[in-house]
Amino acid sequence: MDIIEKARELGRAIQQDERFIRYAKARLANDDNKELQDAIGQFNLTRMELDREIGSDNKDELKVTELNEKLRKIYSDIMSTPAMTEYNTAKAALDSMVNEVNVIISKCVDGEDPDTCDTSTGCTGSCSTCGGCH
Numbered sequence: 024m025d026i027i028e029k030a031r032e033l034g035r036a037i038q039q040d041e042r043f044i045r046y047a048k049a050r051l052a053n054d055d056n057k058e059l060q061d062a063i064g065q066f067n068l069t070r071m072e073l074d075r076e077i078g079s080d081n082k083d084e085l086k087v088t089e090l091n092e093k094l095r096k097i098y099s100d101i102m103s104t105p106a107m108t109e110y111n112t113a114k115a116a117l118d119s120m121v122n123e124v125n126v127i128i129s130k131c132v133d134g135e136d137p138d139t140c141d142t143s144t145g146c147t148g149s150c151s152t153c154g155g156c157h
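Per the working numbering, the very first residue in the sequence shown carries number 24; after that it's consecutive.
Among the clues, some could well be false.
To be verified - Estimated spans, in silico, between C-beta atoms of each pair: (1) 87 x 133: 44 to 52 Å; (2) 120 x 88: 13 to 21 Å; (3) 57 x 111: 42 to 50 Å; (4) 68 x 33: 35 to 43 Å; (5) 132 x 82: 28 to 36 Å; (6) 111 x 79: 28 to 36 Å; (7) 133 x 61: 42 to 50 Å; (8) 34 x 88: 45 to 53 Å; (9) 139 x 64: 23 to 31 Å; (10) 135 x 83: 57 to 65 Å; (11) 92 x 57: 19 to 27 Å; (12) 133 x 72: 45 to 53 Å; (13) 88 x 127: 21 to 29 Å; (14) 57 x 96: 16 to 24 Å.
I should point out that these hints are in silico values taken from the structure, not numbers from a laboratory. Cβ atoms here follow ideal geometry from the backbone N, Cα and C, with glycine treated the same way.
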């Protein structure tokens, strides 16, 4: 049994899983969404303008505040679009599956039985109390 071939087999299985397929479709839909891409472009331009202003020797605090507010508004608009909401939901489901797979692999490397090891990670969903994903 070649372990690398088994890893490739796992990769193929992941790509056939409904969570991966949903994520891939959502990502492609976002890439093809001109309005969304224009908004992301505007966000990036505004962020660069804000960075330039913050780094300026003659920083204008009012302009920094205005750019910050503009950036937050664009971000909020982007994140509230149905396409981005679907993308984030699909990505969270895929990330959850990948984390579960990683837990199984990690526990097996630590000597646990692959058929019975617990896949729960104890994640509360709040990153503020977390020491990092493992």
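- Hints the structure violates: just list their numbers, smallest first. When the structure is compared with the hints, numbers 2, 3, 5, 9 and 13 turn out to be violated.
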